[in-house]
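J.: The lines below spell out each chain.
4 protein chains.
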Amino acid sequence: MLLPPFAQSNSSAVLCCGSVARFVESRVRVRYKETDQMGIAHHSNYVVWFEIGRTDLCRASGIPYTEIERRGRILVVVEIGCRYLLPFRYDDEVVIRTSASQAASRLMRFEYELVDAEGTVHATGFSRHVWLDRETRKPVIADTDVLAAFADWMR
Amino acid sequence: MLLPPFAQSNSSAVLCCGSVARFVESRVRVRYKETDQMGIAHHSNYVVWFEIGRTDLCRASGIPYTEIERRGRILVVVEIGCRYLLPFRYDDEVVIRTSASQAASRLMRFEYELVDAEGTVHATGFSRHVWLDRETRKPVIADTDVLAAFADWMR
Amino acid sequence: MLLPPFAQSNSSAVLCCGSVARFVESRVRVRYKETDQMGIAHHSNYVVWFEIGRTDLCRASGIPYTEIERRGRILVVVEIGCRYLLPFRYDDEVVIRTSASQAASRLMRFEYELVDAEGTVHATGFSRHVWLDRETRKPVIADTDVLAAFADWMR
Amino acid sequence: MLLPPFAQSNSSAVLCCGSVARFVESRVRVRYKETDQMGIAHHSNYVVWFEIGRTDLCRASGIPYTEIERRGRILVVVEIGCRYLLPFRYDDEVVIRTSASQAASRLMRFEYELVDAEGTVHATGFSRHVWLDRETRKPVIADTDVLAAFADWMR
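Chains as they are written, first to last, in the working numbering: chain H, 1 to 155; chain P, 1 to 155; chain Z, 1 to 155; chain F, 1 to 155.
Hints listed in this document are in silico derivations from the structure and should not be mistaken for laboratory results. On a predicted model such as this, the values are computed, not experimentally measured, just so you know. One or more of the hints may lead you astray.
Copies of one chain are not kept apart here, so a pair can be met inside one copy or by any two copies together.
Cross-link-like lysine to any residue pairs, in silico, SDA-like; alpha carbons within 25 Å at most [what the hints assert, rightly or not]:
hint	residue 1	residue 2
1	K138	R155
2	K138	D152
3	K138	R27
4	K138	R70
5	K138	R22
6	K138	E69
7	K138	T66
8	K138	V76
9	K138	R83
10	K138	P64
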């Protein structure tokens, strides 16, 4: 199933929700700027690609992250982890598979898999987040409709 | 005219070559990482988006930049310029229109226009490059087939 | 003349204001992340280094950029240009020399020179900016004390 | 104890090796480019700051990372983790405390603490690395003098 054209423009996200895997798929290409002198994509970019996956998962859930901020909430990263198995090189296609593993009123957790065009896994990772009020930066309880939307992408 | 699927994965490049404009069109979305505390895309990202445009123009010309480096040449930036007219915001679609304005044996020059989904111009820019040998880093004469390929995208 | 210790922590800025040159000097080292697969610092980083120079020039003028934003103004980039003469490599020291060439109520212009530890020029550049109100994003007239502060660093 | 001037230019690294803590201290300031529209330093930059810490630890050990690559080895990241406790803001000073927790012939592990000017911890993290041959990209045994040098910074 393809997202509508507008949602695809960055990364042609596709939604996969069979009996096993429930994730949103985003596609980017390794930018020359993202390479380093080892001739591979620098490891810090993986964290940025994870964020693209989260953005596409929010959009796919029907509540774009821009809408979350419009409501006065922000989703702040409190922990991140990444395991690097195989490198990506300039102009390689990176497929980002994003799912939610926790969608609670206080905490969110996302899981990521970065695979190549052939489906080989190059990296796995996760991120944990808390809901904060955009102005006060104090913890808040997530809106129930937002949590319900994420629930569709729970793995 | 659409590029084959593989070429689209990053940016769904389209080729526009009417009687007036001859350019390659790439599409990216502003990443959260690319915003700054003004709430807009940081101006240094425009230079990176230009590079995505060059990559897609090379691919569209039939000689991907990876092929240029495989032949032992690199295309090194010697000058860059950008005028900023309107900001881009998080998750905005950025359409990069890239054309070549000089394709000579010693020097290349590319022109860029960044427009939004409605076609409004947000920024214009250019870059100038020299051909260097990848090993010696000395100036070299560009391959004639490469120059011929670029010639199709001259404006 | 050295800046007080706090001001040096990022880049050990020094102020040079002889009869010929009036500039603020900042020092950074090329980060591994800033290299690309050509084995040199990617050209987009120069634009970021220019910004470090502006930050240090503001601080040296007695009005840190944080103070400018606290007053409800932002200094938005409207044009940038850079000429690349010699590359920088990983772990190289980059000396950023920043001066103001225009400090007007509507427009600011800064000039940059990137030199190595021996004083050889690797790149030159400029940036032009307008003063905007932080909330409305409409053009505003710069505060006279801010302009007066910059005047000390006019070249 | 201060490092010689050359080692300080980026980050004025200091070496701390009391009975409890043995780490190298680097200092950077948050760049405007490193902020995002939440008004804080984007979480991906922490991974880049860790790398600055590693670079300074290598230099402090007497074997700069440039020397490691000159010998034909690269130190490739295989895992990274970061916990975010408090944000950093534009122009804040970030003190990076880096130590080694494993220096083996096959594997390296580094630990990081990011503190502010007052010593409050804002983030902690780690990275794991393998030694590869720069050309073949196959695992290699680390040089004994390199491992011995790191041993001084084991925690």
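J.: Using 25 Å as the alpha carbon limit, work out where K138 and D152 are close: within a copy, between copies, both or neither.
T.: neither (27 Å within a copy, 42 Å between copies)
J.: Checking K138 and P64: alpha-carbon separation at most 25 Å within a copy, between copies, both or neither?
T.: within (22 Å within a copy, 28 Å between copies)
J.: For K138 vs R155, is the C-alpha pair at or below 25 Å within one copy, between two copies, both, or neither?
T.: Cα proximity of K138 and R155: none, with 28 Å in one copy and 35 Å across.
J.: Is it within, between, both, or neither for K138 and R70, if the alpha carbons may be no more than 25 Å apart?
T.: Both: 16 Å inside a chain and 22 Å across chains, each within 25 Å.
J.: When Cα atoms must be at most 25 Å apart, do K138 and R27 count as within-copy, between-copy, both, or neither?
T.: neither (34 Å within a copy, 29 Å between copies)
J.: Check K138 against T66 for me: Cα-Cα at most 25 Å, and say if that holds within a copy, between copies, both or neither.
T.: Intra 19 Å, inter 23 Å, cutoff 25 Å: intra and inter.
J.: For K138 and E69, with the copy left unspecified, which applies at a CA distance of at most 25 Å: within, between, both, or neither?
T.: both (14 Å within a copy, 23 Å between copies)
J.: State whether the alpha carbon distance between K138 and R22 is at most 25 Å within one copy, between copies, both, or neither.
T.: neither (31 Å within a copy, 35 Å between copies)
J.: I want to check one pair: K138 and R83. Are their C-alpha atoms no more than 25 Å apart within a copy, between two copies, both, or neither?
T.: between (31 Å within a copy, 18 Å between copies)
J.: With identical chains treated as interchangeable, where does the CA-CA distance between K138 and V76 reach 25 Å or less: within a copy, between copies, both, or neither?
T.: Only inside one copy: K138 and V76 sit 11 Å apart there, 30 Å across copies, limit 25 Å.
Comparing the model with each numbered hint stated earlier shows that hints 1, 2, 3, 5 do not hold.
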